[in-house]
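Residue numbers (my numbering), protein chains in the order written: chain Y, 1 to 242; chain H, 1001 to 1215; chain E, 2001 to 2231.
No wet-lab data here; the hints were simulated from the structure.
None of these values were measured; they are calculated from a predicted model.
Here are the simulated SDA-like cross-link-like pairs (lysine to any residue), alpha carbons at most 25 Å apart as the crow flies:
1) E:2022 - H:1116
2) Y:219 - H:1002
3) H:1085 - E:2088
Restraint-style ranges between C-beta atoms, simulated for each label pair:
4) E:2211 - Y:202: 34 to 42 Å
5) E:2142 - Y:202: 43 to 51 Å
6) Y:214 - H:1114: 50 to 58 Å
7) E:2146 - H:1104: 44 to 52 Å
8) E:2058 - Y:33: 45 to 53 Å
9) H:1098 - E:2015: 23 to 31 Å
10) Y:218 - H:1114: 49 to 57 Å
11) Y:102 - E:2174: 22 to 30 Å
12) Y:199 - H:1043: 48 to 56 Å
13) Y:214 - E:2142: 49 to 57 Å
14) Y:214 - H:1020: 40 to 48 Å
15) Y:41 - E:2103: 53 to 61 Å
All residues carry an ideal CB built from backbone N, CA and C; glycine is no exception.
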Amino acid sequence: MHARRGNSDGKGRALAVLAGLTMLIALYMMAFYVPSDRVQGISQRIFYIHVPMAWDAFLAFFIVFIGGIMYLVRRSPGWDQLARAAAEIGLVFTSLVLITGSLWGKPIWGTWWSWDARMTSTLILWFIYLGYFMLRSYVSDRERAARYAAVLGIIGFVDVPIVYMSVNWWRTLHPQAVVDLSGAAMPASMLNTLMVSLLAFTILLGYLLYQKFRIEQAKDRLADLYYEREEAETLAAEGAVR
Amino acid sequence: MLRAIDMRIEPGERVVLFGSNGAGKTTLLRILATLSRPTKGTLLIDGLTIERDAQAARRRIGVVAHQPYLYDDLTAEENLRFFAKMYDVADQHSRIDEVLDLVGLAARRGDRVRTFSRGMQQRLALARAIVHRPALLLFDEPDTGLDRAGVGVLERILEEQASAGGSVLMTTHDLEFGLRAVDRVLLLDSGRLVLDIPAGSIDADDIAERMSSRS
Amino acid sequence: MSAFGKIYAIVWKDLLTEVRTKELFGGMFLFALLTIITFNFAFDLTIVNSPDRPAAVAKAASGAGAIWVAFIFAGMLGLGRAVSLERDRGSFDGLLLCPVDRGVIYLGKLAGNLIFIGLVELIAVPVFGALFNLPVLQPALLLVLGLGTLGFAALGTLFSVMAASTRARDVMLPVLLFPISLPVVIGTVRATTMILTHQTGDLIPWLNLLGAFDVIFLTIAFLVFDRVVEE
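Kindly generate the complete structure, drawing on both the sequences and the hints.
This is the structure:
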C-alpha cells in the first residue's frame, strides 16, 4: 500500500485566494476607509468583525440544521460530515462572537455582558453547539451519534429564534443597557464596509467549510479502513488455524 | 460483523441456527426482529419491508431473546393483556387463557413476574411471544433456564407452530435439542453462513466438530 | 386497536408499575420540596401583603422562579429515572418489538411523564403557597404550569431517551434540555409572577409563547422519535 500525495485541488485553492483577497479588502476598509463612529469612537470598529462572525455562526448552524434533516432522510454519511464540519466551525465563530461582543460592550456600555436578546441567544447557541459535540462523543456507535446529532441540530435551530423572542419580551420589563446594532441609519461608508466584511466572512466560511468537510470525509474513510483491516486480520487468523 | 447473509425461511419450516459465541447469532436475530437495522441489504417478512410496512411486519413475528421483555411489577396476566393489546389480538381473554394453559402458568396468572423463577419467566416470555399467533417465531436460546417440563412446553409450541403453517428460526447451544424436530440447520461463523442443509443430513457430533475447529 | 387505545395501554402500564414500586413519585416530590426550601434561604421568599409594591413583586418573582426551578430539577430526575428503569430491564426493546407507531410510543411516554410531573406539581404548589404565603390558588396558574410542563416534558421525553444510551446519562439530559427549554422557563416564570402579583395585563402574549412552543416542539419530537429509537 502506498500513500497518495495530498490532493492539490483547484477548488480549495481558489476559495482560499478569494477569501484572502476579500478579507484583505475588508480589513483595509475597516481599519482605514471607514470613519470612526462619532459616539463610540474607534472601538466601534469591532462591529465590522462582530456582526459578520455572528452571521457566519448562524449560517453554520443553518447548515447543521439542513445537514441533519438530509441525513435523517437520506442516511448518507456525506450529510453528517457536512453537519459535523459546520458545527465545529460554528462553535468557533460563536465563541468569537461572544468574546468580541463582550470586548465591544465593555468600553461602550461599561459592562462585559448584557442579558439582551442577541447576546443571550448567541450564548444559548453556544451551549447547544457544545451539547452537540458532547452528545457525539458520549455515544459509542458512530451511526447512532450521527442520528442523535441530527435531531439535536434540527431542534436547536428551531429553538434559537424562539429563545431570541422570549428574551426580547422578557426584557421589556427589564430595560437594561441596550446593545443597539441596527440603530439609526448608517452612513454609506459604514454600510459599504459592513457589506464587504459580510461578504469576506461568508467566503471565509465557505472555504473553512469546504476544507473541514473534506477532513471529516477523510476521517470517516479512515475509520472504515481501520474496521476493514481489523476484519481481515480476524479472518486471516482464523484461516491460519484451520 | 455479519457478512453477506442470504437466507430464506419458508412457511412451515423450522430452522435452527448454530454458532459459537461471537459468531453473530444474536446480531442476526436482532435484525430479523427489526430491533436493529442492517447496514446493507433488505429484510422481507411475508413480503413486507420495514421501510414501508414496519408495523404489519412486526405483527407477524414473535420474539424470545436473552431479556424476557416482561414487566417485573405487573402480573403474568397483566403482562399478556398489555402485549395482546399492543398486538391487536382479537380474542384477548380466551387467547390469554389458552396461552397460559399451554405454558403451564394458569395457576400463577395473578402473581407478579418479580416473584417468578427463571424458568417461569422464560415460559411467560414464550407465552408473550405467541399470544398474537405470529407467522414467524424468532427464538434466541429459548431453552435457557427451562427445566424438563419447560422444554416440553417449548417443543409443543414448536410443533404447533409448524402444523399451523408458521415458521421458526431458533438458536441454541444444545445441539441435540436443536436438531430434534427441525427441518434445516444453519451454521454461522464469524458473521458468515457456512452451512445451510437439511436437518437429517447431519448429526450433533458433526456440528460440534465444525464449531470447535473454528473457535 | 386505535392509537389512543395503545397510548392508554402504555400509560396505564407505567402508572400501574409506579403505583406498585413507588420508585419515581416519592423521590421527585421530596426533591422539589427540598429545592424550594433551600431557595428560601438563598432568597427571602415569604411575601407579605405590604404596601411596598416593588418589594412584594420582587419576592413573588423569586417565588415563581424558585417554584419552577424546583419543578425542573424534579422533572429531570423523573425523566431520567423513568427511562433508565425501562432500559436497564430491557423492557423498552419489548415495546419496540410491538407493531406500534413510534410516535404513539412517544405520546404514551409523554403522557406518563406528564402525569408524574403534573402530580408532583399539583401537590407541591399548595405546599409552597402555604410555606411562603404566596397566592397560588388561582386557576390561571394551573394553565401556565400545564403549558410549561407540557413543553418541558415534550422535549424531555425525547432527550431522556437519547441521553439514556450515552455514557454519561445524568449529565447529558440537563446539558441538552436546559438551553433548549429556556423559552419555557422564561415564559412560565414571567407568567407565574404576573399571576402571583395580580398583574395579569400582559399575560396573553406569554401564554401564546408557551402554547406555540408546545405545539412546535411536540410536533418535532413526535416526528423525530422514530429516528431516535430505530437501531
